[in-house]
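**Student:** These are the residues of each chain, in order.
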Amino acid sequence: MKIRKLNRIIHRDLGYIFFAASIIYGLSGIALNHMKDWNPNYIVHSQKYNTEFIDIEEISVEEIDSLLVSIGEGGAYKKHYWSGASNIKIFINNGSVFINTKTGEAHLEKLTRRPIFYEFNFLHYNHAKRWWTLFADIYAVSLIILAISGLFIVKGKKGIKGRGAVLTILGIIIPTILFFMYA
Amino acid sequence: MKKLIFALFAMALFVACNNGTKTTNTTDNKAVKEECSPISVDSFLIVAADLVGKEVTVMGTVDHVCKHGGKKAQIFSAHPSKRIFAFAGETFGNFKAELEGSSVCIRGNVIEIKREDDTCTDGEISVYSIEASEYHECAEGCCKNDTASACCKKEEVEKIDTTAKKACCDKKETDKGCEGKKVSEDGCKDKKEEAKPCSHKH
Chain C
8 MKIRKLNRII HRDLGYIFFA ASIIYGLSGI ALNHMKDWNP NYIVHSQKYN TEFIDIEEIS
68 VEEIDSLLVS IGEGGAYKKH YWSGASNIKI FINNGSVFIN TKTGEAHLEK LTRRPIFYEF
128 NFLHYNHAKR WWTLFADIYA VSLIILAISG LFIVKGKKGI KGRGAVLTIL GIIIPTILFF
188 MYA
Chain B
898 MKKLIFALFA MALFVACNNG TKTTNTTDNK AVKEECSPIS VDSFLIVAAD LVGKEVTVMG
958 TVDHVCKHGG KKAQIFSAHP SKRIFAFAGE TFGNFKAELE GSSVCIRGNV IEIKREDDTC
1018 TDGEISVYSI EASEYHECAE GCCKNDTASA CCKKEEVEKI DTTAKKACCD KKETDKGCEG
1078 KKVSEDGCKD KKEEAKPCSH KH
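Same order as they appear, the protein sequences are chains C and B.
One gets the working numbering by counting positions in the first sequence from 1 and adding 7 to each.
One gets the working numbering by counting positions in the second sequence from 1 and adding 897 to each.
Honestly, I wouldn't trust all of these hints.
To be verified - Dumping the calculated BS3-like pairs for lysine-lysine here, alpha-carbon to alpha-carbon at most 25 Å:
1) C/LYS85 - B/LYS993
2) B/LYS951 - C/LYS43
3) B/LYS964 - B/LYS1011
4) B/LYS1011 - C/LYS85
5) B/LYS993 - C/LYS117
6) B/LYS951 - C/LYS55
Treat the hints as calculated values from the structure; they're not laboratory data.
Please read these numbers as outputs of a predicted model, since none were measured by experiment.
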């Protein structure tokens, strides 16, 4: 078998196998690049309510339960504590409620996992460990093979001896310049 | 097609062999863990300066997890105003945001952080923190009986608890770590926060 044909087969098959992994890393890569602009893992729902808990000294679990039922979080109570003299923090499943006892205002913060992105980021960060580490290592090696084999897919003017050379050099120069600009 | 099947088989065999080595390491880690016991955040704060660089397990309630990356969590025990940071270590990556309000045991090395690094804090927090190597959720108070979750040797925990209690009781209400506390025969009790304890629903 000719080397060029083998090269094409390797490039093609690795492309098929790692199509999904490339989407996972690509999409979560964009998401994680912009972590300052948004939360890529969770959607935070905020809602304010007025309560009758004004100038109170004590609050019972039963009273908290009633409050949670009234805001649609019945049965979600985990625990609570007083933060200073006039703030109560109530932990609920996947969120919390802050009550300002000076104004009676309650602030509900509820978390939901961002679909697709949470799962992709979980894998991108390698929180899974174990088998995913191995898979990601194989993928990383395969990316190098894909990159090198990709250089030799096309012959002629549009190949590595012509247009391909120009674009490849451009691809090397851009990260090099950016490195020296910011490093 | 035969070549493809052979390649996949070889890959599966490699994966299987590699996984076998990991199992041995996990068993070793468990053996180390079984020698240890956790301490509360309050005890930790009093003796933390002497524990820098050492490994401990701290138990407490998760007050806050940084939502963006889950790299940091704030933990407290009996006194919500006294909190520490736990930083997620390489071994597990991040703390899940859903942990807020849950009791956890966190094992790791004690480190001292700079104030300007406190990007996620919104209250009083110690400069002494835990660089966590592992954590797990537990029911309220279960950690003390759960030796599998431990990290300090039992005699070390007793020493830490005794030191913390002594430091608190000796200096009475003037000590920074004992604000609002009075001394009783049972040890140090809190005046204010006993009236408004953190509740836990089962």
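**Student:** Hint by hint, note whether the structure agrees.
**Tutor:** Hints and how they fare:
1. Proposed proximity of C/LYS85 and B/LYS993 is supported: the alpha carbons are some 16 Å apart, at most 25 Å.
2. Using a Cα cut-off of 25 Å, the hinted pair B/LYS951 and C/LYS43 is violated, with the two alpha carbons roughly 34 Å apart.
3. Proposed proximity of B/LYS964 and B/LYS1011 is supported: the alpha carbons are some 21 Å apart, at most 25 Å.
4. A hinted pair counts as satisfied when its Cα atoms are at most 25 Å apart, and B/LYS1011 with C/LYS85 does not qualify at roughly 32 Å.
5. Under the criterion of a C-alpha separation no larger than 25 Å, the hint pairing B/LYS993 with C/LYS117 is consistent with the structure, at around 14 Å.
6. This hinted pair does not check out: B/LYS951 and C/LYS55 have alpha carbons roughly 44 Å apart, beyond 25 Å.
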